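Using the sequences provided together with the hints, build the complete structure.
First to last, the protein sequences are chains S and W. For the record, in the first sequence the residue sitting at position 27 is 27 according to my numbering, with numbers rising by one throughout. For the record, in the second sequence the residue sitting at position 90 is 90 according to my numbering, with numbers rising by one throughout.
Please keep in mind that the hints were generated in silico from the structure rather than gathered at the bench. Bear in mind that the values here come from a model prediction, so they are computed numbers and not experimental data. Don't take each hint at face value.
[Stated by the list, open to error] Covered stretches of chain S (in silico footprint by chain W; criterion: 3 or more residues with CB under 8 Å from a CB of chain W, positions within the stretch not fixed):
(1) 20 to 26
(2) 275 to 284
(3) 315 to 322
[Stated by the list, open to error] Here are the computed distance ranges between Cβ atoms for each label pair:
(4) W:101 - S:59: 21 to 31 Å
(5) S:200 - W:166: 31 to 41 Å
(6) S:28 - W:51: 36 to 46 Å
(7) W:262 - S:89: 17 to 27 Å
(8) W:262 - S:159: 34 to 44 Å
(9) W:45 - S:160: 50 to 60 Å
(10) W:101 - S:39: 31 to 41 Å
(11) W:42 - S:160: 50 to 60 Å
(12) W:51 - S:107: 46 to 56 Å
(13) S:295 - W:169: 23 to 33 Å
(14) W:36 - S:333: 50 to 60 Å
(15) W:95 - S:175: 27 to 37 Å
Backbone N, C-alpha and C define an ideal beta-carbon position, used for all residues, glycine too.
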Amino acid sequence: MTERVAATPGLYPLPDWAKETLSDLKGHQKGDLLSGDESEAIVEQYDEVRAEYVDDQLDAGLDLISEGQGRWDDMIAHPLTVHDGVETGGIVRYYDNNNFYRDPRVVDDLGFSGDVARELESARDLVAGGAADASLAATLPGPYSLAALATDEHYGDEAEFQAAIAEFLADEVEAFPAHDTLFLLEPSLVTEPPAEGDESTATDAIATVADATDADVVVQTYYGALGEKLYAHLVDEAGADALGLDLVAGDRDDTVYNVQEFGSTDSLSLGLVDGQNTLVEEAETIAERVEWFESQIPAEGFDRTYLTPNTELFYLPANKYREKLSALAAAAEVLE
Amino acid sequence: MARNPSANREQFRPNDHPNDAFLLSTVVGSYPKPKWLNRADELVSDPDSKFDESDLAEAHDDACRLITHEHERSGLDTVVDGEMRRNEMVEFFADRIDGYEFNGPVKVWGHNYFDKPSVVEEVEYDEPWLVDEFEFTSNVAEKPVKVPITGPYTLGFWAFNEAYPSTEDLVYDLADLVNEEVEKLVEAGARYIQIDEPALATTPEDHAIVGEALERIVSGIDEEVRIGLHVCYGDYSRIYPEINDYPIDEFDVELCNGDFEQIPTFTDPEFEPDLALGVVDAHTAEIEPVEEIKANIRQGLRVVPPEKLTISPDCGLKLLPREIAYGKTENMVTAVREVEAEIDAGEIDLDNPLADD
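Below, the structure written as structure tokens:
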């Protein structure tokens, strides 16, 4: 029997009060963005934000609780933009969105940082204190996407750069507190897939990170459907317990075809609610989408189906982000 | 195809214009707000303050009068009120169009946010959006007034679409509303309309949607009305020569910021609408000297002859300190008049405008 788990890959919008307090404390310019050594006053604000995120998720009834990544000014490039071996360059476009992040220029060896582990420790304490039957989910960029978002001015070779980023992320994961699931966000696999023949470089890098944890690893892809060849490589080689598939953007039939043709990981993560639109899906609609997708697949059933938004949720106003959480949790209930 | 810009350009030539050549000088629209106006905006939402909406309306009128006159003092041939009444280019219109709702700010980057609206039902025209502000400005102005309007592509794609099967459908409905507004503005006397479509620069592959939207906007609009299109910060090789097919009189573009590297893009095939060229940078806080601006104006002559060249800043100047914005505008007009005189005197080789005479 398939276990249905309502979860998100994190990166939530800041609550409106924190948008104001943090912009007052930090400023609006490029040089004011987070560098990883923020003042005590800023740390306190983010502690409050994190507590609010955990409450939001517990209130909504999610099964997995994300730290929420309120500190990630540069979206999924964050683990690099706060790193000592990285200088931040100009503001560059974040995928095909009206959003921007600082270009992380890697200028030195990517040694251990521990930045994300510290966030997760705080989140773990909040989840443990929440008394609900929910577990912690960690989020990191996948190594392929993180390499694609960064500029290499140190390693000099694309494959070596991906491998170095994978080693860096694996070291970070080893420092994480106990977590149930690790989401590795890999939108670049859809938007700028590896060249034919280079798929294994990407999947080896992902496997390096996946091997660093005992938790279930979800490789979440989004902004559309994966190419079929890359999909097959990911199923076989990435070390993922679940591939995350975007059922909102792009052509859903391509995704169904991939799963029918090439099989799937033992679990699947389905991007069911639109992380980039304020229209809130009905729980019944989401549940129908899950049943529809599962019915398309020849397999007997999955270990787990993760019910998730297709993308991060920071694109939304704060009220709609909360409604999306509730819709996912309610859909999991409908399916019980 | 392009409209007929020669049918409407001469009406903007001032009676006392000193030269035979006429390079129409204008601005893109927004201008720094006087600090007291920002204070007034804050005061009106302060429950402890006696300053109310009617006081704010008076402050807006005062600011529009001030900036319109500031534009005239700089010598511009056509003026704008500096968009003193507008907060943000999508919000302002979404607030006036039925079908939009606001849910709160969303992140653009860092701690910069935008109150991105949602379209929750079919968009409809209610009250006029800009007719009052146009009538006010044209009453206080001696020069002709240009009206900038955020275009339907930007109003559609910079919102959440909850109601339409595709955002393209939403854009066409919005274009019909813009058409209605342009008709009302023309009725009120407006002769120079500028459609702002910055969103096109980020998704140039959608140029055909913008083209279809423009067809709807200009439907039934007489050729004595000048219709401009402003786009900024894009890769124009991806929308040229397609923009030659747009039903516009003038294409307004920022090229000073990129040091005019994209000028050759527009030289082949022949440029059909008039070119409104940005010759001062909207994002540097130094006032360009007149000589430098004159050299920039000559870049435009590589694309079109003088009778098809309009001169403006790259983009709205609202992010600059006010005295810098004024200095840029004033130097720009001085440069325009000097280049015109040099053209009259035969000192500029129009076949090779960058050459020293």
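Quick rundown of the hints versus the structure:
1. 20 to 26: holds (count 3)
2. 275 to 284: Our answer is that it holds, as 4 residues pass the Cβ test (under 8 Å) against chain W, meeting three.
3. 315 to 322: holds (count 6)
4. W:101 - S:59: 21 to 31 Å: 24 Å, holds
5. S:200 - W:166: 31 to 41 Å: Roughly 38 Å apart at Cβ, these two residues keep to the hinted range, so it holds.
6. S:28 - W:51: 36 to 46 Å: 26 Å, violated
7. W:262 - S:89: 17 to 27 Å: 23 Å, holds
8. W:262 - S:159: 34 to 44 Å: 35 Å, holds
9. W:45 - S:160: 50 to 60 Å: 55 Å, holds
10. W:101 - S:39: 31 to 41 Å: Since residue 101 (chain W) and residue 39 (chain S) have Cβ atoms about 37 Å apart, the given range 31 to 41 Å holds.
11. W:42 - S:160: 50 to 60 Å: For residue 42 (chain W) and residue 160 (chain S) the Cβ distance comes to about 54 Å; the hint holds.
12. W:51 - S:107: 46 to 56 Å: 52 Å, holds
13. S:295 - W:169: 23 to 33 Å: With Cβ atoms ~31 Å apart, the hint holds.
14. W:36 - S:333: 50 to 60 Å: 55 Å Cβ-Cβ, so the 50 to 60 Å window holds.
15. W:95 - S:175: 27 to 37 Å: 48 Å, violated
Going through the hint list in order, the structure does not satisfy hints 6 and 15.
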